[in-house]
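**Q** Sequence lines, in order, name chains W and S.
Counted the way the working numbering counts, the first sequence spans residues 1 to 322.
Counted the way the working numbering counts, the second sequence spans residues 1 to 322.
Keep in mind the hints are simulated off the structure, nothing from the lab.
Wrong hints could be hidden among the right ones.
Repeated chains share a single entry, so a pair holds when one copy, or any two copies, can fit it.
[What the hints assert, rightly or not] Below, a list of computed lysine to any residue pairs in the SDA-like style, where the Cα atoms sit at most 20 angstroms apart:
| # | residue 1 | residue 2 |
| --- | --- | --- |
| 1 | Lys-56 | Arg-305 |
| 2 | Lys-156 | Asn-134 |
| 3 | Lys-156 | Arg-298 |
| 4 | Lys-156 | Ser-300 |
| 5 | Lys-105 | Ala-51 |
| 6 | Lys-156 | Leu-47 |
| 7 | Lys-156 | Arg-133 |
| 8 | Lys-105 | Asp-287 |
| 9 | Lys-105 | Asn-134 |
| 10 | Lys-56 | Phe-126 |
| 11 | Lys-105 | Pro-43 |
| 12 | Lys-56 | Phe-101 |
| 13 | Lys-56 | Leu-38 |
| 14 | Lys-156 | Arg-232 |
| 15 | Lys-156 | Gly-220 |
| 16 | Lys-156 | Arg-295 |
| 17 | Lys-156 | His-132 |
| 18 | Lys-105 | Gly-152 |
| 19 | Lys-156 | Pro-296 |
Number of protein chains: 2
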Amino acid sequence: MSTNPPYAIGLDIGGTSIKAGRVAAGGEVTGQAVFPTLADRGPDAVLAQAALAIAKVADGAGAATCAGIGIGIPGIVSASDGLVRYPPNFAHWGDVDVTGFLHRKTGLRVVTENDANCAALAEARFGAGARHRNFIFVIWGTGVGGGIIIDGAIFKGPGGGAGEIGHVSIDRNGPECRCGNRGCVESYIGQRYLSMRVAAILEGERPSGRGSAILDLAGGDPARIEPETLSRAAEAGDPFARDILSEAGAMLGVALSTVANILDVTTAIVGGGVSAAPDFVLRAVADEMRSRVLRPHRDSVVVERALLGNQAGIVGAASLVL
Amino acid sequence: MSTNPPYAIGLDIGGTSIKAGRVAAGGEVTGQAVFPTLADRGPDAVLAQAALAIAKVADGAGAATCAGIGIGIPGIVSASDGLVRYPPNFAHWGDVDVTGFLHRKTGLRVVTENDANCAALAEARFGAGARHRNFIFVIWGTGVGGGIIIDGAIFKGPGGGAGEIGHVSIDRNGPECRCGNRGCVESYIGQRYLSMRVAAILEGERPSGRGSAILDLAGGDPARIEPETLSRAAEAGDPFARDILSEAGAMLGVALSTVANILDVTTAIVGGGVSAAPDFVLRAVADEMRSRVLRPHRDSVVVERALLGNQAGIVGAASLVL
Chain W
1 MSTNPPYAIG
11 LDIGGTSIKA
21 GRVAAGGEVT
31 GQAVFPTLAD
41 RGPDAVLAQA
51 ALAIAKVADG
61 AGAATCAGIG
71 IGIPGIVSAS
81 DGLVRYPPNF
91 AHWGDVDVTG
101 FLHRKTGLRV
111 VTENDANCAA
121 LAEARFGAGA
131 RHRNFIFVIW
141 GTGVGGGIII
151 DGAIFKGPGG
161 GAGEIGHVSI
171 DRNGPECRCG
181 NRGCVESYIG
191 QRYLSMRVAA
201 ILEGERPSGR
211 GSAILDLAGG
221 DPARIEPETL
231 SRAAEAGDPF
241 ARDILSEAGA
251 MLGVALSTVA
261 NILDVTTAIV
271 GGGVSAAPDF
281 VLRAVADEMR
291 SRVLRPHRDS
301 VVVERALLGN
311 QAGIVGAASL
321 VL
Chain S
1 MSTNPPYAIG
11 LDIGGTSIKA
21 GRVAAGGEVT
31 GQAVFPTLAD
41 RGPDAVLAQA
51 ALAIAKVADG
61 AGAATCAGIG
71 IGIPGIVSAS
81 DGLVRYPPNF
91 AHWGDVDVTG
101 FLHRKTGLRV
111 VTENDANCAA
121 LAEARFGAGA
131 RHRNFIFVIW
141 GTGVGGGIII
151 DGAIFKGPGG
161 GAGEIGHVSI
171 DRNGPECRCG
181 NRGCVESYIG
191 QRYLSMRVAA
201 ILEGERPSGR
211 GSAILDLAGG
221 DPARIEPETL
231 SRAAEAGDPF
241 ARDILSEAGA
251 MLGVALSTVA
261 NILDVTTAIV
271 GGGVSAAPDF
281 VLRAVADEMR
291 SRVLRPHRDS
301 VVVERALLGN
311 QAGIVGAASL
321 VL
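Isolated chain W, as found in the complex (with noise of 0.2 angstroms):
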């Protein structure tokens, strides 16, 4: 291994596909492989797929040599022994030592973080956050995700599980979230209640949904509305497509006031599907967030767009042995 090693190894593992990627030190993707992750056959067939696509993308390095593999992967990754805890959607998974696994599979080190994490030290990098040394970084997608950056690394906690960004509850006797607890900002504007809930009112409950052109875009059918149908429907001009999305944003911008008031970090960095959205929905997002956090911290608050877009696990998975 040279003393200033090319590139290193990406792995984004996600409960459908494993994306991994050979990742040079400025952060580019120099090559790439997609493998289902079969989250379903338990850990076994998942640590098979990852060394799958560990062996496609060294493969494809020719005579460059390999710093490393950064793994990113959906929930708690123990501070103290690297343990995979928890990620939702994969069956049959205790604790298992993806890490220890991975290494004895390739004799090479191997560093693994839970994803949004990962995402969040991606953007810290080579995205959006290199020019904040602190902020909060969201994935707003099917669910709400985040990971918290101080002074240019990921901030863990104890255990390992912070950063849980959309288990902030903005209504203690709002709606039940899939964690259990009651109004978490997921569980109002993360994707599968945002469609919902436009569903619903569409169907009738608010009269402000009649004549709007969203369910033409979902082809007449309210299952079928995406937040981009959304956006698509607040660029065209649809009033009552642009409420919704202002709304969900300013939602997220109440959890993230309190997440300032806690950390004193009051820069946000928005990524996932969501974030494309037109911009009038980030700066709902800032104008919620400046009008509730403590006096001192209104003039600092700042909230940007993430820049890496789907790469972010990849990258940030790299960036771990990078």
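On the provided structure of chain W, position chain S as indicated by the hints.
**A** Okay, now just chain S, sitting in the frame of chain W:
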């Protein structure tokens, strides 16, 4: 100065009084003095009073040497330059160099920190936190303050303002808090709000209040209802007082579950005036927190009473230099 200094001076600068103490390395307070803060006369007056308080407790130290002076004060103590900003209820206060002034005045090492953080540090070193490397410290009194201890040290946050547990919003549409946000847990359970709420209920808003002994305990004047009144009534078996205190405890538990999900810290230590409340109140905090935190945290939720009482401020301030 000796290499093993036998004492430090701790100052707890509050809105009405400055408490000063000589504190030995083991945390014992070996001498004390109290001076009025004169907060309404501006920073020069406050600093002069602080210098008097220091001189007074140093005077009793005999030949013992002093390791330095620790200052606890409300507001944000900047992490970068140590300036004290925004102490609530201190008149004519901009950014004040408390540290520099007292260092020049005494020639001793001076460290300044937010007062709630000082109390948290005192509990970490010498109180209920001595068994916990990581905990959320709550001062539940007139307001709701807090401090975060990670790895035995104060988590200040990048700007020095972290740990504002009282300003976790538990209902985005809740009552307006003095900070400008809505639904902050302080706006439900801080002493002034709690008392007002009880008075309103007793005056007829809720039938459950009728027949309660609370009003008698407050001499018939709803404005004189204090948390202690509630505690006494609850201990005497008054069901309404028990309800109100349990409900307040549960609200604190909601806020703490959010803090736990963000920080991955599941131990809470509760101090301040209301912490003298009966055990069932702390149980209500713990039960609610446990029912709401993310599943991996459930088994590790612990809520304990602070041990150091009123002296936590002095002892914690001294700990900054001990």
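**Q** Look at each hint and say if it fits the structure.
**A** Taking the hints in turn, this is what the structure says about them:
For a Cα distance limit of 20 angstroms, the shortest separation of Lys-56 from Arg-305 qualifies neither inside one copy, at 32 angstroms, nor across copies, at 55 angstroms. In this assembly of identical chains, the alpha carbons of Lys-156 and Asn-134 lie at most 20 angstroms apart whether taken from the same copy (14 angstroms) or from different copies (13 angstroms). Taking identical chains as interchangeable, the C-alpha atoms of Lys-156 and Arg-298 lie at most 20 angstroms apart only when they sit on different chains, with a minimum of 18 angstroms there against 26 angstroms within one chain. For a Cα distance limit of 20 angstroms, the shortest separation of Lys-156 from Ser-300 across copies, 17 angstroms, qualifies, whereas the shortest one inside one copy, 24 angstroms, does not.
In the homo-oligomer, the alpha carbons of Lys-105 and Ala-51 lie at most 20 angstroms apart inside one protomer (8 angstroms), although the nearest pairing across protomers, at 66 angstroms, exceeds that limit. Proximity of Lys-156 to Leu-47 under the C-alpha cut-off of 20 angstroms is found in neither arrangement, the shortest distances being 24 angstroms within a copy and 39 angstroms between copies. Both within a single protomer and between protomers do Lys-156 and Arg-133 lie at most 20 angstroms apart by alpha-carbon distance, with minima of 16 angstroms and 15 angstroms respectively. In the homo-oligomer, the alpha carbons of Lys-105 and Asp-287 never lie at most 20 angstroms apart, since the shortest distance is 50 angstroms inside one protomer and 44 angstroms across protomers.
Proximity of Lys-105 and Asn-134 under a CA criterion of 20 angstroms is satisfied in neither setting, with 36 angstroms inside one chain copy and 36 angstroms between copies. For the homomeric pair Lys-56 and Phe-126, neither the shortest alpha-carbon distance inside one copy (25 angstroms) nor that between copies (55 angstroms) is at most 20 angstroms. Proximity of Lys-105 to Pro-43 under the C-alpha cut-off of 20 angstroms is restricted to the intra-copy arrangement: shortest distance 15 angstroms within a copy versus 65 angstroms between copies. In this assembly of identical chains, Lys-56 and Phe-101 lie within 20 angstroms of each other by CA distance solely inside one copy; the values are 17 angstroms within and 64 angstroms between copies.
Taking the shortest Cα distances, Lys-56 and Leu-38 sit within 20 angstroms of each other inside one copy (17 angstroms), while across copies they are farther apart (72 angstroms). Taking CA atoms no more than 20 angstroms apart as the test, Lys-156 paired with Arg-232 passes in neither setting, with 36 angstroms inside one copy and 42 angstroms between copies. Neither within a single protomer nor between protomers do Lys-156 and Gly-220 lie at most 20 angstroms apart by alpha-carbon distance, with minima of 44 angstroms and 52 angstroms respectively. Proximity of Lys-156 to Arg-295 under the C-alpha cut-off of 20 angstroms is restricted to the inter-copy arrangement: shortest distance 17 angstroms between copies versus 27 angstroms within a copy.
In this assembly of identical chains, Lys-156 and His-132 lie within 20 angstroms of each other by CA distance both inside one copy and across copies; the values are 18 angstroms within and 18 angstroms between. Within a single copy, Lys-105 and Gly-152 get their C-alpha atoms no closer than 31 angstroms, and across copies no closer than 38 angstroms, so neither meets the 20 angstroms cut-off. Taking the closest pair of Cα atoms, Lys-156 and Pro-296 come within 20 angstroms of each other only across two copies (15 angstroms); inside a single copy the shortest separation is 26 angstroms, beyond that limit.
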